[in-house]
Amino acid sequence: GAVVSQHPSRVICKSGTSVKIECRSLDFQATTMFWYRQFPKKSLMLMATSNEGSKATYEQGVEKDKFLINHASLTLSTLTVTSAHPEDSSFYICSARTLGGHSSYNSPLHFGNGTRLTVT
Amino acid sequence: RKEVEQDPGPFNVPEGATVAFNCTYSNSASQSFFWYRQDCRKEPKLLMSVYSSGNEDGRFTAQLNRASQYISLLIRDSKLSDSATYLCVVNNRAQNAGNMLTFGGGTRLMVKP
Chain P
-10 GAVVSQHPSR
0 VICKSGTSVK
10 IECRSLDFQA
20 TTMFWYRQFP
30 KKSLMLMATS
40 NEGSKATYEQ
50 GVEKDKFLIN
60 HASLTLSTLT
70 VTSAHPEDSS
80 FYICSARTLG
90 GHSSYNSPLH
100 FGNGTRLTVT
Chain U
29 RKEVEQDPGP
39 FNVPEGATVA
49 FNCTYSNSAS
59 QSFFWYRQDC
69 RKEPKLLMSV
79 YSSGNEDGRF
89 TAQLNRASQY
99 ISLLIRDSKL
109 SDSATYLCVV
119 NNRAQNAGNM
129 LTFGGGTRLM
139 VKP
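Chains P and U, in that order, are what the protein sequence lines are. Take the first sequence: its position 65, counting from 1, is numbered 54 in the numbering used here, and each next residue is one higher. Just remember that the numbering used here sits 28 ahead of the position in the second sequence, which is counted from 1.
Hints were generated in silico from the structure; no laboratory data involved. Treat the numbers as computed from the prediction; the structure is a model and nothing was measured. Among these hints, one or two may not hold up.
Listed next, the stretches of chain U that the computed footprint assigns to chain P, with coverage defined by at least 3 CB atoms under 8 Å from CB atoms of chain P [what the hints assert, rightly or not]:
no.: 1; region: 50 to 58
no.: 2; region: 130 to 139
Restraint ranges, calculated between C-beta atoms of paired labels, are given here [said to hold, decoys possible]:
no.: 3; chain 1: U; residue 1: G44; chain 2: P; residue 2: D54; range: 48 to 58 Å
no.: 4; chain 1: P; residue 1: R(-1); chain 2: U; residue 2: N55; range: 31 to 41 Å
no.: 5; chain 1: P; residue 1: S72; chain 2: U; residue 2: T46; range: 22 to 32 Å
no.: 6; chain 1: U; residue 1: A57; chain 2: P; residue 2: E48; range: 33 to 43 Å
no.: 7; chain 1: U; residue 1: N83; chain 2: P; residue 2: N102; range: 20 to 30 Å
Using N, Cα and C, we set each Cβ at its ideal position, and we do this for glycine too.
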């Protein structure tokens, strides 16, 4: 079954509005979650690393004031696309690791089911 | 040069064929490797981890060649349901560093009846 739940799966919004996407880890605590964006026929691109209780780490070229990330609990991270524009239309995916053992970085990522955002 | 490179394909193969994908990575310090499968308009799903000694899971075999810095995925007896994009994912050494995961661009496989 799914270990990471993402909501909503699809959203259509008008230009200038804000959209919040939730990412929840199911049955495990995730101190770190990751947000990716994927344009059609392109690879996943990491946007930011969400850290529970502290500020997110953004990748180069990603505007932190436009893509607000909040990781207030060990099971929930949210991404808010503020003042959305049509060029923000994309597939947004979150992920988290189920940690275990001393080599957690060897653990694969589990992805949420993604959110398809369309800005009109 | 991209950190993780894959032939984008598409690879068009008939049912029952054997197909192999390669993926090269540029960072010799890379520590762990994975193959993910992504269906159209869906999220990636882990197919298998890749171990140094090579590993097999049913019809799927993954191998790692550290000297040449590439990993491979072999699919035997292809099924129509194997049609998808296969993503090579490389994790570089750093503590708690999910942001060191690098995705290849994916290889698209289309299995035809």
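Open item on the list: Is 48 to 58 Å respected by the C-beta to C-beta distance linking U:G44 and P:D54?
Closed with: Since U:G44 and P:D54 have Cβ atoms about 53 Å apart, the given range 48 to 58 Å holds.
Open item on the list: Assuming the hint says 20 to 30 Å, is it satisfied by the Cβ distance from U:N83 to P:N102 or not?
Closed with: holds (27 Å)
Task: Coverage of the region 50 to 58 of chain U by chain P (three or more Cβ within 8 Å) - done: Per the Cβ count (0), the hint is violated.
- [ ] Indicate whether the distance between the beta carbons of U:A57 and P:E48 respects the range 33 to 43 Å.
- [x] Hint violated: Cβ distance 20 Å, outside 33 to 43 Å.
Open item on the list: 22 to 32 Å was suggested as the range; check whether the CB atoms of P:S72 and U:T46 agree with it.
Closed with: violated (50 Å)
TODO: Note whether the CB distance of P:R(-1) and U:N55 lies within 31 to 41 Å or breaks it.
DONE: Because 36 Å falls inside the window, the suggested range holds.
Open item on the list: Taking beta carbons only, do three or more residues of the region 130 to 139 of chain U come closer than 8 Å to chain P?
Closed with: Our answer is that it holds, as 4 residues pass the Cβ test (under 8 Å) against chain P, meeting three.
Consistency note: the structure conflicts with the earlier hints numbered 1, 5 and 6.
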